[in-house]
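Chains as they are written, first to last, in my numbering: chain A, 1 to 589; chain B, 1 to 232.
Misleading hints may appear alongside valid ones.
[Said to hold, decoys possible] Below, in silico cross-link-like pairs of lysine-lysine (BS3-like), each with a Cα-Cα straight-line distance of 27 Å or less: (1) B:107 / A:8; (2) B:218 / A:214; (3) B:78 / A:339; (4) A:501 / A:6; (5) A:9 / B:78; (6) A:339 / B:218.
Derived from the structure by calculation, the hints contain no laboratory data.
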Amino acid sequence: MAAGAKLKKRRFDAVVVGGGGAGLRASLELAARGYHVAVVSKVFPTRSHTVAAQGGITSALGNVSPDHWHWHMYDTVKGSDYIGDQDAIEYLCRNAIEVVYELEHMGLPFSRLDDGRIYQRPFGGQSQNFGGPQASRTCAAADRTGHALLHTLYQQNLRHGTHFFDEFYSVDFIRDSQGRIAGVLAIEIETGERYLFEAAAVVLATGGGGRIFKHTTNAFSCTGDGLGMVARAGLPLQDMEFWQFHPTGVAGAGVLVTEGCRGEGGYLVNGDGERFMERYAPNAKDLAGRDVVARSMALEIMEGRGVGPRKDHVLLKLDHLGSDIIMERLPAIREIAIKFAGVDPIETPIPVVPTVHYMMGGIPTNRFGQVIANDGGEDEIVPRLYAVGECACVSVHGANRLGGNSLVDLVVFGRAVGRHISDNFAELGAPADLDESSAELGLGRIDRLARKEGERPDLLREEIRDTLQAHCGVFRTEQTMREGWIKFEQLAGRCEQVAVKDACEIFNTARIEALELDNLVTVARATIVSALNRTESRGAHARDDHRERDDEHWLKHTLYHGDGDRIGYRPIAMQPLTVETFKPKPRTY
Amino acid sequence: MRLSIYRYNPETQRSPQLQDFEIEPGPEAKFLLDALLQIKDEVDDSLTLRRSCREGVCGSDGMNINGRNGLACVTPLKGLKEPVVVRPLPGLPVIRDLVVDMSQFFKQYRSVKPYLQSDEPVPLKERLQAPADRAELDGLYECILCACCSTSCPSFWWNPDKFVGPAGLLQAYRFIADTRDTRTNERLDDLNDPYRLFRCHTIMNCVDACPKHLNPTKAIVKIKETMLSREL
Numbered sequence: 001m002a003a004g005a006k007l008k009k010r011r012f013d014a015v016v017v018g019g020g021g022a023g024l025r026a027s028l029e030l031a032a033r034g035y036h037v038a039v040v041s042k043v044f045p046t047r048s049h050t051v052a053a054q055g056g057i058t059s060a061l062g063n064v065s066p067d068h069w070h071w072h073m074y075d076t077v078k079g080s081d082y083i084g085d086q087d088a089i090e091y092l093c094r095n096a097i098e099v100v101y102e103l104e105h106m107g108l109p110f111s112r113l114d115d116g117r118i119y120q121r122p123f124g125g126q127s128q129n130f131g132g133p134q135a136s137r138t139c140a141a142a143d144r145t146g147h148a149l150l151h152t153l154y155q156q157n158l159r160h161g162t163h164f165f166d167e168f169y170s171v172d173f174i175r176d177s178q179g180r181i182a183g184v185l186a187i188e189i190e191t192g193e194r195y196l197f198e199a200a201a202v203v204l205a206t207g208g209g210g211r212i213f214k215h216t217t218n219a220f221s222c223t224g225d226g227l228g229m230v231a232r233a234g235l236p237l238q239d240m241e242f243w244q245f246h247p248t249g250v251a252g253a254g255v256l257v258t259e260g261c262r263g264e265g266g267y268l269v270n271g272d273g274e275r276f277m278e279r280y281a282p283n284a285k286d287l288a289g290r291d292v293v294a295r296s297m298a299l300e301i302m303e304g305r306g307v308g309p310r311k312d313h314v315l316l317k318l319d320h321l322g323s324d325i326i327m328e329r330l331p332a333i334r335e336i337a338i339k340f341a342g343v344d345p346i347e348t349p350i351p352v353v354p355t356v357h358y359m360m361g362g363i364p365t366n367r368f369g370q371v372i373a374n375d376g377g378e379d380e381i382v383p384r385l386y387a388v389g390e391c392a393c394v395s396v397h398g399a400n401r402l403g404g405n406s407l408v409d410l411v412v413f414g415r416a417v418g419r420h421i422s423d424n425f426a427e428l429g430a431p432a433d434l435d436e437s438s439a440e441l442g443l444g445r446i447d448r449l450a451r452k453e454g455e456r457p458d459l460l461r462e463e464i465r466d467t468l469q470a471h472c473g474v475f476r477t478e479q480t481m482r483e484g485w486i487k488f489e490q491l492a493g494r495c496e497q498v499a500v501k502d503a504c505e506i507f508n509t510a511r512i513e514a515l516e517l518d519n520l521v522t523v524a525r526a527t528i529v530s531a532l533n534r535t536e537s538r539g540a541h542a543r544d545d546h547r548e549r550d551d552e553h554w555l556k557h558t559l560y561h562g563d564g565d566r567i568g569y570r571p572i573a574m575q576p577l578t579v580e581t582f583k584p585k586p587r588t589y
Numbered sequence: 001m002r003l004s005i006y007r008y009n010p011e012t013q014r015s016p017q018l019q020d021f022e023i024e025p026g027p028e029a030k031f032l033l034d035a036l037l038q039i040k041d042e043v044d045d046s047l048t049l050r051r052s053c054r055e056g057v058c059g060s061d062g063m064n065i066n067g068r069n070g071l072a073c074v075t076p077l078k079g080l081k082e083p084v085v086v087r088p089l090p091g092l093p094v095i096r097d098l099v100v101d102m103s104q105f106f107k108q109y110r111s112v113k114p115y116l117q118s119d120e121p122v123p124l125k126e127r128l129q130a131p132a133d134r135a136e137l138d139g140l141y142e143c144i145l146c147a148c149c150s151t152s153c154p155s156f157w158w159n160p161d162k163f164v165g166p167a168g169l170l171q172a173y174r175f176i177a178d179t180r181d182t183r184t185n186e187r188l189d190d191l192n193d194p195y196r197l198f199r200c201h202t203i204m205n206c207v208d209a210c211p212k213h214l215n216p217t218k219a220i221v222k223i224k225e226t227m228l229s230r231e232l
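Assemble the whole structure, with the sequences as input and the hints as a guide.
Following this line, the structure appears as structure tokens:
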């Protein structure tokens, strides 16, 4: 289709951008309540990155150890290093129980205990009775929980008649002539045709942006598309300095090895064969918070106690568990270790390194998923715009997410968004009749890529990933980040001049990758600016030049504004819904 | 390393052709997907394929590799006979290069009503399921819908509109085998058809092709057995 040709239009009550766990839970809620809802996804929904989640979904069912949602809440607030919003965390942990039972009723094939109830395994940062003994809180379908969850949600959406637009790439959301959120501009990848989806509500469920780093567990598709859209629309991004390094990515390959391995009794050893986590976290050991374990590993490697010819990784030991446990509870991990590390964990430990895994920051929302704008004053809700899942920052994960809390975030808040749209549908107003001019900016972004000569997007993308890896890693300093910022600014400037040689309209993936690059640049920019600004260490943000947590000055959310790379702040919601505040304490495991 | 890749651009080509590439795989290139993306980045950005998780769990990059269906991201470069001949999955319409139109495949998947249906009242907590009953689902629920199996099946090639195919039948059995699903009879009635189920002639290409080591033929046999035991 030539530039300027007519847009195809579709109208729905609500349009969900992204078909991962959060998007599909939101669309399911709406479809089941009789709304006309579309899921617009750049990949076939079951290919979304939720599918790669392994270890499980955390919920205080109490099937294995005594448990209570309030204990789950305590652990999550502590895990967040006290900048998670306590109202949202209470909502998460209370609702976690019901949503997991719902998933079971939908058919999710959970592993089972002997009495037939859902199997739960211990995960990092889980305690009984507010910091007491280890809890077993993570519900699992072997080590394929994300796959089982995503397929179950997709199946239920089929059942309830959700409209799927598979392999449609969303370019930008669209406002009507009065400035209200009114829809989404998308490209049908197969044909190259441009579509305008008109809707009374737009839900961004586009996932994370871990592809800004060279070493990541994230899929190619994790390019932060929703964050790019929000920033281009002049709205802020929150807490972008907080990136989780998962302790156990396969060294060299980056592929995830679940925390469930340590939950089942595996542990880490250094080059001296020492179980070093006993030194760093005497109580929780290998099941301390992920930030704590990742930093300990990085220190071991930096101090020369790594493993291998270059002493650049450590080992995850599972062989003592026996083949029965590994085959029953960690079968996919065994497959991954054999394929990507060349070792069978039944006999040989897996080489692992801390690997970028999860974006705690994102699009600021309240606990209903409504997107929040704030430029120096009070919070303002952006009517008709929602964000949910990894792209959103509610914030329930604060400065460090606990394992198993991501899947539950998707489902609890996906449902909450669906409910909120449904409960307030009359007030949202009817979808507007959009004309082509409303999509001009987005269409221009597509057309500019067709220039004959220009920069190679793949080279720029890889250089940006190298830069973020080297200058915004596990340990950060003003100096390394400033150097990184200078390199990044040059690369970002060149990104304005990318050219896509492929001129075919049919399934042009080079063009999609170039559009994704815009979003990666936004995510990277927000990350460096926010990380430079926060002069303390908290959760996953570890500053070598500011090693202490500083509650006096930094108990607040960072807001990144794309115009002029400005920083603002929002207060943390310290007041839960019904219980008392968990006040900040030193965080030890 | 030499690769011979199926190319088809419907805007400029009347018919597809194999194009040869010679590349020096980078030090980190271990799998076929790495080599294909290296060609896309460095040689020809128009080379078209699907990919996402690069760890064999999303099911995007099913293709035909030296005559066998598999996932490019978990096919090691080491040991591949050169030139590596890479074609789209056979039997489905080609959209462009290595990208096939999977509508027919997904239509068959949807036709088995691949979702749990239960007429039992919903309990307050989880439904109970004995570990042994849950174990019946192992080898069934792990399907990633990559279509490697169905597109290796001659019966699916001839009757993609009428034969459910191995992937769809594996899913059908996943719900028949689930003790929580109460619609077994309806599911069996729906499949009791000369085409939908009985076009399977146990050629077993599907078992060979499945990158997740699942066994659709076994599931199909179990559907037939369940049908038979119902009639007896």
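Distance restraint between residue 107 (chain B) and residue 8 (chain A), which requires alpha-carbon spacing of 27 Å or less: 24 Å, holds
Distance restraint between residue 501 (chain A) and residue 6 (chain A), which requires alpha-carbon spacing of 27 Å or less: 24 Å, holds
Residue 218 (chain B) paired with residue 214 (chain A) [C-alpha distance capped at 27 Å]: 42 Å, violated
Proposed proximity, residue 339 (chain A) with residue 78 (chain B) (alpha carbon, max 27 Å): 12 Å, holds
Holds or violated: residue 9 (chain A) to residue 78 (chain B), with C-alpha atoms at most 27 Å apart: 48 Å, violated
Proposed proximity, residue 218 (chain B) with residue 339 (chain A) (alpha carbon, max 27 Å): 26 Å, holds
Violated hints, listed in ascending order, are 2, 5; each of the other numbered hints is respected by the structure.
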